[in-house]
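K.L.:
So you can see what is in the structure, the chains are spelled out below.
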Amino acid sequence: MNSRTSTIFKLAVLAGVLAFPAFGSDFYAEMVAKVLILAIFAMSLDLLVGFTGLVSFGHAAYFGIAAYAVALMTPKYDPANLWLALPASVLAAGLAAFVIGLFVLRTKGIYFIMVTLAFAQMAYYVFHDTPVGGGSDGIYLNFKPDAAIAGWAPFDLNEPLHLYYFVVAAMLAVYGLLKLVLRSPFGRVLVGIRSNEHRMLSLGYATFRYKLAAFTLAGALAGVAGFLYAVLFGFVTPEYLSWHKSGDVLLMVILGGMGNLAGAIAGAVALVGLQEIFTSVTKHWQLLMGLTIVAAVLFMPGGLTATPARILARINGGKTNE
Amino acid sequence: MKKTQQKRRTVMQVMLGAFAGVLAGALVPLGAAQAAEKIKVGLMLPYTGTYAALGTAITNGFKQYVQEQGGKLGGYEVEYSVVDDESDPSKATENASKLVKRDSVDVLVGTVHSGVALAMAKVARDTKTLLVIPNAGADELTGPLCAPNVFRSSFSAWQPAYAMGKIVAERGHKNVVTVTWKYSFGEQSVAGFKEAFEKAGGKVAKELYLPFPNVEFQPFLTEIASLKPDAVFVFFAGGGAVKFVKDYDAAGLKRTIPLYGSGFLTDGTIDAMGGSGEGLLTTLHYADNLTNPKDQAFRKAYALAYKAQPDVYAVQGYDAAQMLKTGLDALKGAKFDKDAVAKAMETAKIDSPRGAFTLSKAHNPVQDIYLRKVEGRDNKLVGVAEKALADPARGCRM
Amino acid sequence: MDFVSFLIQVLNSLQYGLLLFLVASGLTLVFGIMGIINLAHGSFYMVGAYLAFALTSLTGNLMLSIALGIPLAFVFGALLEWALFSHLYKRDHLEQVLLTYGLILIFEELRSLMVGDDVHGVTIPELFSASIPLSDNLSYPVYRLVISVVCLALAGGLYFLIQKTRLGMMIRAGSHDRDMVKALGIDINLLYRTVFALGVALAALAGMLAAPISSVYPGMGSSVLIISFVIVVIGGVGSVWGALVAALVIGFADTFGKVLLPDLAGLMVYLVMAVVLLWRPEGIFKKG
Numbered sequence: 003m004n005s006r007t008s009t010i011f012k013l014a015v016l017a018g019v020l021a022f023p024a025f026g027s028d029f030y031a032e033m034v035a036k037v038l039i040l041a042i043f044a045m046s047l048d049l050l051v052g053f054t055g056l057v058s059f060g061h062a063a064y065f066g067i068a069a070y071a072v073a074l075m076t077p078k079y080d081p082a083n084l085w086l087a088l089p090a091s092v093l094a095a096g097l098a099a100f101v102i103g104l105f106v107l108r109t110k111g112i113y114f115i116m117v118t119l120a121f122a123q124m125a126y127y128v129f130h131d132t133p134v135g136g137g138s139d140g141i142y143l144n145f146k147p148d149a150a151i152a153g154w155a156p157f158d159l160n161e162p163l164h165l166y167y168f169v170v171a172a173m174l175a176v177y178g179l180l181k182l183v184l185r186s187p188f189g190r191v192l193v194g195i196r197s198n199e200h201r202m203l204s205l206g207y208a209t210f211r212y213k214l215a216a217f218t219l220a221g222a223l224a225g226v227a228g229f230l231y232a233v234l235f236g237f238v239t240p241e242y243l244s245w246h247k248s249g250d251v252l253l254m255v256i257l258g259g260m261g262n263l264a265g266a267i268a269g270a271v272a273l274v275g276l277q278e279i280f281t282s283v284t285k286h287w288q289l290l291m292g293l294t295i296v297a298a299v300l301f302m303p304g305g306l307t308a309t310p311a312r313i314l315a316r317i318n319g320g321k322t323n324e
Numbered sequence: 077m078k079k080t081q082q083k084r085r086t087v088m089q090v091m092l093g094a095f096a097g098v099l100a101g102a103l104v105p106l107g108a109a110q111a112a113e114k115i116k117v118g119l120m121l122p123y124t125g126t127y128a129a130l131g132t133a134i135t136n137g138f139k140q141y142v143q144e145q146g147g148k149l150g151g152y153e154v155e156y157s158v159v160d161d162e163s164d165p166s167k168a169t170e171n172a173s174k175l176v177k178r179d180s181v182d183v184l185v186g187t188v189h190s191g192v193a194l195a196m197a198k199v200a201r202d203t204k205t206l207l208v209i210p211n212a213g214a215d216e217l218t219g220p221l222c223a224p225n226v227f228r229s230s231f232s233a234w235q236p237a238y239a240m241g242k243i244v245a246e247r248g249h250k251n252v253v254t255v256t257w258k259y260s261f262g263e264q265s266v267a268g269f270k271e272a273f274e275k276a277g278g279k280v281a282k283e284l285y286l287p288f289p290n291v292e293f294q295p296f297l298t299e300i301a302s303l304k305p306d307a308v309f310v311f312f313a314g315g316g317a318v319k320f321v322k323d324y325d326a327a328g329l330k331r332t333i334p335l336y337g338s339g340f341l342t343d344g345t346i347d348a349m350g351g352s353g354e355g356l357l358t359t360l361h362y363a364d365n366l367t368n369p370k371d372q373a374f375r376k377a378y379a380l381a382y383k384a385q386p387d388v389y390a391v392q393g394y395d396a397a398q399m400l401k402t403g404l405d406a407l408k409g410a411k412f413d414k415d416a417v418a419k420a421m422e423t424a425k426i427d428s429p430r431g432a433f434t435l436s437k438a439h440n441p442v443q444d445i446y447l448r449k450v451e452g453r454d455n456k457l458v459g460v461a462e463k464a465l466a467d468p469a470r471g472c473r474m
Numbered sequence: 004m005d006f007v008s009f010l011i012q013v014l015n016s017l018q019y020g021l022l023l024f025l026v027a028s029g030l031t032l033v034f035g036i037m038g039i040i041n042l043a044h045g046s047f048y049m050v051g052a053y054l055a056f057a058l059t060s061l062t063g064n065l066m067l068s069i070a071l072g073i074p075l076a077f078v079f080g081a082l083l084e085w086a087l088f089s090h091l092y093k094r095d096h097l098e099q100v101l102l103t104y105g106l107i108l109i110f111e112e113l114r115s116l117m118v119g120d121d122v123h124g125v126t127i128p129e130l131f132s133a134s135i136p137l138s139d140n141l142s143y144p145v146y147r148l149v150i151s152v153v154c155l156a157l158a159g160g161l162y163f164l165i166q167k168t169r170l171g172m173m174i175r176a177g178s179h180d181r182d183m184v185k186a187l188g189i190d191i192n193l194l195y196r197t198v199f200a201l202g203v204a205l206a207a208l209a210g211m212l213a214a215p216i217s218s219v220y221p222g223m224g225s226s227v228l229i230i231s232f233v234i235v236v237i238g239g240v241g242s243v244w245g246a247l248v249a250a251l252v253i254g255f256a257d258t259f260g261k262v263l264l265p266d267l268a269g270l271m272v273y274l275v276m277a278v279v280l281l282w283r284p285e286g287i288f289k290k291g
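Residue numbers (the numbering used here), protein chains in the order written: chain A, 3 to 324; chain B, 77 to 474; chain C, 4 to 291.
Hints were generated in silico from the structure; no laboratory data involved.
List of simulated lysine-lysine pairs, BS3-like, C-alpha gap at most 30 Å: (1) B:LYS204 - A:LYS36; (2) B:LYS116 - A:LYS285; (3) B:LYS139 - B:LYS376; (4) A:LYS78 - B:LYS204; (5) A:LYS285 - B:LYS383; (6) B:LYS408 - B:LYS114; (7) B:LYS139 - A:LYS285.
Sample of chain C residues at the chain B side, in silico, Cβ under 8 Å: (8) ILE11; (9) GLN12; (10) ASN15; (11) TYR19; (12) SER142; (13) ILE216; (14) SER218; (15) VAL262; (16) PRO265; (17) ALA268.
The C-beta atom is built at its ideal place from N, Cα and C for all residues, glycine as well.
I would like the entire structure built from these sequences, with the hints used as guidance.
P.N.:
Here is the structure:
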């Protein structure tokens with residue numbers, strides 16, 4: 003297939019997603035919306051892991067901070083204004099990523115992984131222990147944000163259908179934005195940093211600033227996902243920031259194949275799909291999950307998107323041509 | 077190189093195609109129309125993780141009662157949908173809506189973890205589904221968040237702690253230090269204890285909190301020793317409870333400063349404590365040697381069916397099924413109607429192994445809270461700490 | 004806080020720090036020498052605790068169980084290295100993170116299948132079951148002191164092993180330059196297998212020693228995992244000495260944090276870490 007068929011194919015899938023609510027039940031529409039939100043989350047992390055070479059193990063922190071931001075901004079008996087709450091939540095996540103980035107980007111390799119993890123734990127305890135976030139029970143979001151602009155409401159997020167298409171639009175916007183970023187000179191510097199940071203430094207790029215910008219952007223986009231997640235499910239809890247969540251999103255990125263935005267989306271689909279299948283099979287489903295992860299790492303370097311190609315290449319030429 | 081890239085694209089398409097396939101598969105309507113004589117029960121409980129043993133006990137208790145009724149509740153055949161909630165609040169809303177929206181259950185039953193239960197209550201309220209909570213003790217569930225369709229077969233955090241506050245004051249202690257994890261269940265337990273204890277003239281000298289789930293208690297034991305209170309009140313459960321009691325004993329404090337706890341301190345943990353738990357006084361809505369015939373029959377049947385001794389969790393599961401049955405009885409075989417079921421459950425008198433109880437206006441059990449003492453491997457009944465204690469249901473507008 | 008309490012809190016800090024060191028030492032060795040990031044390290048601690056429980060129920064004696072458990076854990080570690088980790092050296096950290104993340108799930112479920120989900124206790128050996136009075140109403144369990152002494156002895160032993168023995172020389176060389184060691188004719192695979200097995204044995208030993216005071220319960224592995232990471236980061240990856248210092252720093256921060264700043268107790272260790280990283284981004288004792 004050539005790239006035109008590929009585009010057609012993607013458009014067909016998009017059409018499927020758009021048409022889905024007309025046929026699927028509420029529950030499955032909600033599930034597709036969830037997968038799309040997780041796809042945003044995974045793409046935001048892929049910007050760091052796949053394109054810049056920064057393995058962040060604390061990405062759930064920014065997801066959770068934005069989720070808490072919208073919950074805290076929503077008054078108990080009234081909805082918050084969407085056009086205020088969305089930018090503010092994303093800003094909060096981006097700001098947190100910027101400040102934490104100042105610290106963590108001073109480190110490299112294993113340190114970076116562990117330090118991002120530790121900062122996410124810190125954020126977790128801020129919401130779990132201090133009065134800021136309502137403690138371990140979390141907070142209800144009693145009302146979904148109100149989309150009215152000066153009295154005129156273009157759509158209503160309380161309508162499941164409207165919310166669904168809002169999520170789809172957000173996913174497409176983030177996908178498009180990241181595509182643009184990666185094509186820009188800025189994006190090329192990031193990819194350069196991944197392959198050889200020293201070279202970029204000696205070429206005169208202040209790589210720290212580029213990395214900080216990428217880290218902040220990734221945090222903010224994770225915030226978009228966190229915001230949507232909180233709005234979709236109407237409930238936030240400190241567990242949104244836990245290291246298991248950071249692990250899950252890393253898993254999506256690698257399952258789909260790093261450095262490939264469509265791969266991040268595929269990874270989100272795959273992870274949710276696997277969980278659905280395994281939980282329906284046995285109560286010891288985490289054993290199956292663990293075995294799958296181990297097998298995936300050992301036998302499919304490059305992730306889902308690269309694996310069939312490797313197999314094909316093996317059949318064709320007896321060797322992988324990479 | 078070029079070739080590989082092309083192949084990658086192909087693979088992408090396969091992936092996306094698979095995605096489309098999943099979507100298409102999802103279109104097939106599930107939860108088709110059901111026969112009138114069936115009722116779908118959604119069990120959402122922890123089967124993995126720290127609370128797995130509790131989830132299993134509750135399930136066993138629930139199913140035991142259904143078995144006793146010949147697989148039916150109030151004439152309705154029971155069909156189960158089961159979801160492992162992993163005690164993970166971040167997955168709770170979607171797990172609950174999976175049961176409600178995908179499996180179209182008539183009744184939700186769950187869960188252990190309070191944070192998860194709060195999320196379930198939200199789903200139950202939003203979708204107007206009947207919910208019976210067989211453990212989670214968060215005060216809010218039958219307080220500010222109470223709802224006509226939300227019931228609890230267990231307790232509120234406030235209940236056992238409040239009862240203990242009175243007992244500790246009656247035993248002549250004036251000055252008490254409390255210790256618990258810094259999470260809402262712990263905080264609510266301490267608040268309940270403090271309310272009763274200070275009303276009876278005592279004084280809580282200091283409230284100590286440690287980060288959940290940290291179990292390094294030594295700094296607090298040292299502080300307790302230097303504060304020299306008359307007694308210590310704690311809330312811990314599971315591994316933390318075992319470690320606290322062992323450490324307290326090993327530090328020699330048990331001899332000089334009596335330790336009291338909300339009942340879960342010594343439920344399912346006595347064996348692991350070795351001898352350290354011996355003699356501890358705790359309060360709970362269940363004890364190991366109640367003399368009522370209902371309890372004896374229950375324990376015998378449970379031990380036979382599951383080759384294990386039942387505990388308070390099993391009782392709560394059993395009673396969740398009993399409550400449901402009283403509700404369903406009122407329908408007299410008619411089509412399932414949750415409002416009618418809820419209405420009948422409100423006024424039910426449940427003949428529980430723990431002793432009969434009724435429900436408060438906020439749908440929390442009005443029950444006797446027992447004072448128990450650890451003897452050997454049992455929480456032996458000492459007496460009734462509070463007769464028919466009702467949770468104050470603060471903030472409930474119903 | 005009066006002076007006696009202060010001294011006792013210092014003792015508590017030291018004791019907690021030493022136990023943390025025991026868990027973190029294996030982690031830092033595997034990190035530093037093999038370049039492997041191992042999230043399953045907490046699971047080895049859990050495996051150790053359950054080994055102590057299982058063996059003590061069989062033999063009735065904790066010390067005998069530990070004597071049996073250490074070689075078992077060592078062999079277990081060597082097998083794991085052979086089957087899984089040896090494939091990871093050339094992979095990037097991300098894949099290591101994921102594989103070991105998967106292992107956590109596997110170990111936790113196997114535990115559930117084999118032993119169940121109940122809390123279990125392990126009895127302290129008769130010999131060490133006494134307590135020493137410290138103040139008028141507080142005494143200190145001898146067993147805790149024994150743990151501290153064992154940890155100190157192990158710290159000394161590790162120092163000797165790494166600085167004074169041939170194996171230690173190879174380990175040091177291997178952490179600097181893998182190819183050079185190969186060129187010297189040292190079997191690097193065997194070396195790595197040994198180091199990894201040693202790391203597993205250390206974590207398991209920590210679990211076995213802690214089992215009598217902490218009891219064994221589901222999820223106990225993840226409770227020590229993150230804090231071990233913090234210690235390794237503060238101490239400097241690969242530095243056993245750094246891990247010891249960092250573990251003691253965390254012991255003090257946690258103990259005094261709980262008593263003096265209870266509202267920030269959960270954040271305390273991470274705040275300490277942030278400060279250290281501002282000062283030295285690669286830990287206190289970064290190896291060259």
